[in-house]
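Novice: Given next are the chains, with one letter for each unit.
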Amino acid sequence: MARAVTNQRKAINTAAAWIIGLLIFFPILWTILTSFKTEAQAISDPPVFLFFQWTTENYSTVMERSNYGRFLWNSIFIAGGSTILGLIIAIPAAWSMAFVPSRRTKDILLWMLSTKMLPAVGVLYPIYLLFIQFGLLDNVYGLTFILMLINLPIIVWMLYTYFREIPGEILEAARMDGANLKSEILYVLTPMAIPGIASTMLLNFILAWNEAFWTLNLTAAKAAPLTAFIASYSSPEGLFYAKLSAASTMAIAPILIMGWFSQKQLVRGLTFGAVK
Amino acid sequence: MSIKRTLLSTVVGLGLTAGIAAADGHSATITIATVNNGDMIRMQGYTDQFTAESGIAVEWVTLEENVLRSRVTTDITTKGGQFDIMTIGMYETPIWGANGWLVPLDDLSAEYDAGDILPAMAGGLSHDGTLYAAPFYGESSMVMYRTDLMEKAGMEMPAAPTWEFIRDAAAAMTDRDNEINGICLRGKAGWGEGGAFITAMSNSFGARWFDMEWNAQFDTDAWANTLNFFKDMMDASGPSGYATNGFNENLNLFNQGKCGMWIDATVAASFVTGDGSTVADSVGFALAPDNGLGKRSNWLWAWALAIPAGTQQEAEAKQFIEWATGKGYIELVAANEGWANVPPGARTSLYENPEYQKVPFAQMTLDSILSANPNESTVEPSPYVGVQFAAIPEFAGIATQVSQEFSAAYAGQQTVEEALAKAQAITDEAMEAAGYK
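If you read the protein sequences in the order shown, they are chains S and V.
For the first sequence, this note's numbering gives the first residue as 1, with consecutive numbering after it.
For the second sequence, this note's numbering gives the first residue as 1001, with consecutive numbering after it.
FYI, nobody ran anything at the bench for these hints, they're computed from the structure.
Since we're looking at a predicted model, the values are computed, not measured.
Heads up, the beta-carbon is just placed ideally off N, CA and C, and yes, glycines get one too.
Treat the hints loosely; a few may be bogus.
Stated by the list, open to error - 20 angstroms max Cα-Cα, derived SDA-like pairs, lysine to any residue:
| id | chain 1 | residue 1 | chain 2 | residue 2 |
| --- | --- | --- | --- | --- |
| 1 | S | 116 | S | 100 |
| 2 | V | 1079 | S | 125 |
| 3 | S | 222 | V | 1258 |
| 4 | V | 1258 | S | 123 |
| 5 | V | 1079 | S | 116 |
| 6 | S | 182 | S | 47 |
| 7 | S | 222 | V | 1313 |
| 8 | V | 1079 | S | 47 |
Said to hold, decoys possible - Just some of the chain V residues that point at chain S, by a computed CB distance under 7 angstroms:
| id | residue |
| --- | --- |
| 9 | 1273 |
| 10 | 1274 |
| 11 | 1280 |
Whole structure, please, built from the sequences with the hints as guidance.
Specialist: Laid out in structure tokens, this is it:
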């Protein structure tokens, strides 16, 4: 039987949730506020919070100096492409691991995850040389491929966890009704795992969007995404915090908006199977 | 879709692409990797003018200094060919030039007047007498101080102060109640941050990184004196948390009136006297201090444009370098934005220009640059080139670790003696592993 929650307890929980939420959101809020300050206000001590002369000058400067549209399109292409490509490979892989496991399935899963433990810089030179060989440097397709590879272990792991929650008997019934492998995965498994697939997709899209090691090292002028756009406004010699904040706000805005609209799906997917 | 239709669309597509390319009217496109600082950003703004004059389009890749350094190093060592021009500094140029990774700039046109480049800059950007990078702007370091606070303290800044004077003035100017620190200096870990400052300072104390047999020298009295002097002075008169302060943090403190003195890059002079400074009207300049040993504590640095060997567009890249680092560009900026905004420290003729001589920090910048000699930076002989660094490939890695140990000592996490002992061990071990000994 569920415990009755008193109004007082509810209020405390709500307040605590708001405080934690605001604390987590504060760095983003501060970045957004700073983007509307002048460079002098951005570094003033004590810092100004809301009562300053708001200006959009930093945004004008950033738009004038950089081709934001190109960076944005590259980010969308790379993050979207790597996520879709990853799902195409990971769904059958996770299906086989969840429903027809072998003696080595657990080991393979662990091995896949262990590749994430290798520092990226350790394989920079081999990957760079391969990219030169195949003409993939500063190329959105090359970057899409490498980000797909990097996020693949996470996609497989997440999907494997979701698929394990689906009773194998349902797939068996589908097979008895004459469904072949393709139909089983496409028309039976996938619709049932939609919340899990959606949250996997969203999380990997965010991971690919924010990836800043490979996107900085394998691109130059043509394929550079928004991470390179932000990096172009950082400087150890010169105070450009307000412009850097404007660039950061412009880089995170699309993903923030996307996250805002898909938060229900994301939470549903992430808690999928957590409550029985 | 039939094969016929596919072929037709491909041909039409290719035709359109070719048409657009032709309509674009650019004979070539060069890609330039550069840092994000005021002068470089300004240059990007004038690129259209270069394109209009030459028909060469320019693609910019602007990155933060450390990211850029790692990015271009990866590309040049693997012959990736991503860039036609790279913005590099005095540290990389002689090493990369010696490795044959850069195109020699020994055939620049007569109008360019390579002989006009300041000798200190040309020397630091050459290997075996061949210029490998053209300086876009150069800098040294100097003392920037508050004239009002100095007067209040009853002292007068000499044009060429000693460290003793700086320490006494810092103590006299410190006013903790009003949040005024007598002196602000870099303590932040990193070979280009606190590491650069303490190395330049150590030169004036008679210290050096290596003896002529490449043995580390951190176990000498000269290094102990340098570090103890720095720490004692900063503990007494510096800002709290100075162990994590770099250029930007100190610039911020100075501009808000919280530093009596700041010893840092000459390029900061335009920032502390510019719009963003609350103390712009009361800033004076002096040479970086010495200790009476014949070497001052100023460094020498240049951001320069170099062409990686193997680029397919060498001629176009040279054309751009001649435009961007030539006398014409300086006149272009002066005409549009005033003489205070032209890239400083690269050409002798700039300092002979009567208009530029009116800029308050021009002469002190030149004097500082001229007083630094990358080929003889230490009191006792040393085997390396460079003032605030040793131009060997291993230096960046070693100096970053060493500066981390020094920063830990500034923060009180270990003693100066412990930091120096660790620095000695780190450096000796790395030099042995690299085959110098």
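Novice: With reference to the structure, classify each hint as holding or not holding.
Specialist: Tested hints:
Straight-line distance between C-alpha atoms of residue 116 of chain S and residue 100 of chain S comes to about 25 angstroms, which puts the hinted pair past the 20 angstroms bound. The straight-line distance between the Cα atoms of residue 1079 of chain V and residue 125 of chain S is roughly 11 angstroms, inside the 20 angstroms bound, and the hint therefore holds. Straight-line distance between C-alpha atoms of residue 222 of chain S and residue 1258 of chain V comes to about 44 angstroms, which puts the hinted pair past the 20 angstroms bound. A threshold of 20 angstroms between alpha carbons decides the hint, and for residue 1258 of chain V with residue 123 of chain S the separation of about 46 angstroms lies outside it, so the pair is violated.
Among the hinted pairs, residue 1079 of chain V with residue 116 of chain S is inconsistent with the structure: their alpha-carbon atoms are about 28 angstroms apart, more than 20 angstroms. For the hint pairing residue 182 of chain S with residue 47 of chain S, the CA-to-CA distance comes to about 60 angstroms; that exceeds 20 angstroms, so the pair is violated. Among the hinted pairs, residue 222 of chain S with residue 1313 of chain V is consistent with the structure: their alpha-carbon atoms are about 17 angstroms apart, no more than 20 angstroms. With a C-alpha separation of about 47 angstroms, the suggested pair residue 1079 of chain V and residue 47 of chain S falls outside the 20 angstroms cut-off, and the hint is violated.
A hinted interface residue such as residue 1273 of chain V counts as satisfied when its beta carbon comes closer than 7 angstroms to some beta carbon of chain S; here the least separation is about 14 angstroms, so the hint is violated. The interface hint given for residue 1274 of chain V is broken, as the beta carbon of that residue sits about 10 angstroms from the closest beta carbon of chain S, more than 7 angstroms. With a cut of 7 angstroms, the hint placing residue 1280 of chain V at the interface with chain S is violated, because the nearest CB-to-CB distance is about 12 angstroms.
In summary, the numbered hints that this structure violates are 1, 3, 4, 5, 6, 8, 9, 10, 11.
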